[in-house]
Amino acid sequence: MRTLQLLQDYLFQTWGLMEIAIWVKTKRDRHLRLLLSTEEHPPKQPEARVLPTVKKHAFSSAPRAFPVSYDTGYLAEPPYIYLFISLEEESCALIRLTDEVRSNQSWKPSWESLDVTWLFFRLLESEETIYSTNYVLSKTMESTRSISSSLDLDRVIHDVIRNTLSVIPAADAGLLHMYDPKLERLVPRAAVGFRESVIHCFRLQVGESIAGKVFQDGQPRIFHTQQEVQAGMADLSLENYEHLNDAKELRHLHGLMSVPISRGDQRIGVLVIHQFHQENFFLNSDLQLLQDVAHLTAIALDNARLYADTKAALEQTAQLGKELQLKHNDLVKRTEIHEALKNLSLKNKGAAAIIHALGRMVGQEILLYDALEQQVHSSHKRPAIEMILSWDELNILMPSRRHPLWVTARDNAESRDFSFCFFPLLNGSVFLGCLAVRSDRLILSDLERLTIEQGTAIITLELVKKQSLSSVFFKRSHDFFQHLLTSKGTELTSQAQSFGLIPGATYLCVHGVLLRCYDLARQEAHIHRIVTRWKQLFAGSEVITYGFHNQLTMLVDVQAHPHLRTITERMSEYVTEWNQHEDCLLAVGVGGAYSGLEAIAKSFEEAKKAVQYLNNRNRSGVVRYDELGVNQLMINQTPEDMQAFVRDVFRPFWEHHERYAELEKTLLTYIKCSLSANQTASELHIHINTLYQRLRKIESLLRIDLKQPEDLLKIQLACHLRSETAGTL
1 MRTLQLLQDY
11 LFQTWGLMEI
21 AIWVKTKRDR
31 HLRLLLSTEE
41 HPPKQPEARV
51 LPTVKKHAFS
61 SAPRAFPVSY
71 DTGYLAEPPY
81 IYLFISLEEE
91 SCALIRLTDE
101 VRSNQSWKPS
111 WESLDVTWLF
121 FRLLESEETI
131 YSTNYVLSKT
141 MESTRSISSS
151 LDLDRVIHDV
161 IRNTLSVIPA
171 ADAGLLHMYD
181 PKLERLVPRA
191 AVGFRESVIH
201 CFRLQVGESI
211 AGKVFQDGQP
221 RIFHTQQEVQ
231 AGMADLSLEN
241 YEHLNDAKEL
251 RHLHGLMSVP
261 ISRGDQRIGV
271 LVIHQFHQEN
281 FFLNSDLQLL
291 QDVAHLTAIA
301 LDNARLYADT
311 KAALEQTAQL
321 GKELQLKHND
331 LVKRTEIHEA
341 LKNLSLKNKG
351 AAAIIHALGR
361 MVGQEILLYD
371 ALEQQVHSSH
381 KRPAIEMILS
391 WDELNILMPS
401 RRHPLWVTAR
411 DNAESRDFSF
421 CFFPLLNGSV
431 FLGCLAVRSD
441 RLILSDLERL
451 TIEQGTAIIT
461 LELVKKQSLS
471 SVFFKRSHDF
481 FQHLLTSKGT
491 ELTSQAQSFG
501 LIPGATYLCV
511 HGVLLRCYDL
521 ARQEAHIHRI
531 VTRWKQLFAG
541 SEVITYGFHN
551 QLTMLVDVQA
561 HPHLRTITER
571 MSEYVTEWNQ
581 HEDCLLAVGV
591 GGAYSGLEAI
601 AKSFEEAKKA
611 VQYLNNRNRS
621 GVVRYDELGV
631 NQLMINQTPE
641 DMQAFVRDVF
651 RPFWEHHERY
661 AELEKTLLTY
671 IKCSLSANQT
681 ASELHIHINT
691 LYQRLRKIES
701 LLRIDLKQPE
711 DLLKIQLACH
721 LRSETAGTL
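Note that full-length UniProt numbering has the sequence shown beginning at 1, numbered continuously upward.
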């Protein structure tokens, strides 16, 4: 600096030619600091006793014209002369002169020279203050520019801490703690001068150590000595002490400043500056500067938070825009696909045409499983796969599903696997069928999925429409058949010819009833399926087949299907299979086969009576009217009436069951053996005389005579009805 050179020249001119060394000590310095030396080799630090000794040898306090007072001291220790001059507050200067004229040991500077020298030191001190202030302003502006020009929070915070360390001479490390509400801890956000790989393990509780207390009460703290720092960190946990000491050896820590970082009234973190190797003191002005840096850091954090929020909002807006565009594209594509498929449906092209169109759109083979008519339609003219799952498997897997099902099977002919995705077709609770889309990738593209979703809706409507049309046709068939049953003469002939009935042909009627089906929609679907299946089973011989409510009717041309027992057996097989797999039961009655149109009504009544017989006994299955035998007389009898008759006959046995159990068994066996005494005795493994004795006891107990036809018929009928109602007695 120019002032330092002027001071040196002034001292040489005023005090003669001699060597000079000047030390200064400011309020920031722990020890004397060499400011100027004209010696050939840098001088050693003065001994610790020199400064206090020089202070004691004060100059005379004679009055002088200079208006400012300051302390001075003078000490001659040949070959040196020491001169002490006090400056502002705790600052001072120590000048060491080497007198070449050793005899001039009584040399003393004049008050005028001391005043000028004091002024030079004050000027030097002012220059240093101005330089330091400018440097602080420069670094503060640099931090401000960094905050305003960059949104990289980590880089900004590191720059702020580095600039702070550069303008506070006593600092050589910095640490920024941020409060984490989830962890309820102060965690390191940025560190300068520490091993960052270790310092991030450092976690402070609120109120723990110096930083924890500053965060808790919001009061800045400054520590000038190692003892003060150790006292402030006395409650630091052992784990945190080890982490911090591993990041930087704490035995070198002999100064520390800590200030809170706040956003309004809310504290969000703590800024800590450490002194490990610097020799200067922290000043209160440094603490104020650090608090200003904390405010800048809070601004940087707010900027970063606002930027992050804005960026997230923009990204979310952009993402929503993309999603809206995709949804718009989907809607446009959905509309195009829906319109194409809807036009096919409106033109009554049928499900097969819609499936072909879907196959072209998707570019894959598609199968339609029509559960109502038990048919499979393929989008290809020559389907590679006609059926993957059987109808039984579909009825187990699909009716309760609401989401697609992937099925992989093995093609033994080509020795490779193939996969289909099954989409259920549902109308409320009614399973109408499913669409199966082939895709060996086990995944469908967005376009394929979109097309199939539209296709399932259109196909479902098509199947519902077909079911509705069938219901209308069934209603007309029902009306015609009921009119046919009541028509006579020429009217009957005219009605029959409209349906292709031949006057002299032989016909029989089949009548069925769905039992325990309480869902009307499912009932309608079941009726549709059963009618379709009956038409397939009896193709070529069935003339009229329809369903109405829960009832089914079929008129069969016996001449086209001459074996009556075959009709019954085939129907029995179907009904047995239905009752095993479905949720409701089917009871079917078969009337007799008669020639002539007038006999159709008779066959129909017989079929209805056969069904009534099953219904009265809570049974399902198939029964022919002519096989009922004596049960034809009791069709209209309720199960309760028949049970009452059986109880009246067997009451004497049942009132003392343990006593008469053998007699009851004997009577039942005797009737079963058609009144054959020898066969009955053989069945019971008793002597025939024992049998006769038991029969006499039975006659006495029941008050009957087995030789009387009326009593015998009563017993035979009771035994028969007992077997008929065995499950309900």
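Rather than coming from a laboratory, the hints here were simulated on the basis of the structure.
It cannot be assumed that every hint is accurate.
[What the hints assert, rightly or not] Calculated pairs, EDC-like style, for lysine to aspartate or glutamate (alpha carbon to alpha carbon, straight line, at most 20 Å):
id, residue 1, residue 2
1, 535, 491
2, 535, 519
3, 25, 112
4, 609, 626
5, 55, 77
6, 248, 265
7, 248, 228
8, 56, 19
9, 672, 699
10, 108, 19
11, 44, 19
12, 672, 627
13, 311, 330
14, 327, 453
15, 333, 309
16, 672, 710
17, 333, 440
18, 327, 302
19, 213, 265
20, 609, 627
Hints, one by one, checked against the model:
no.	hint	in the structure
1	535 <-> 491	violated (27 Å)
2	535 <-> 519	violated (24 Å)
3	25 <-> 112	violated (23 Å)
4	609 <-> 626	holds (11 Å)
5	55 <-> 77	holds (14 Å)
6	248 <-> 265	violated (33 Å)
7	248 <-> 228	holds (18 Å)
8	56 <-> 19	violated (24 Å)
9	672 <-> 699	holds (17 Å)
10	108 <-> 19	holds (16 Å)
11	44 <-> 19	holds (14 Å)
12	672 <-> 627	holds (19 Å)
13	311 <-> 330	violated (28 Å)
14	327 <-> 453	holds (15 Å)
15	333 <-> 309	violated (35 Å)
16	672 <-> 710	holds (18 Å)
17	333 <-> 440	violated (24 Å)
18	327 <-> 302	violated (36 Å)
19	213 <-> 265	holds (17 Å)
20	609 <-> 627	holds (12 Å)
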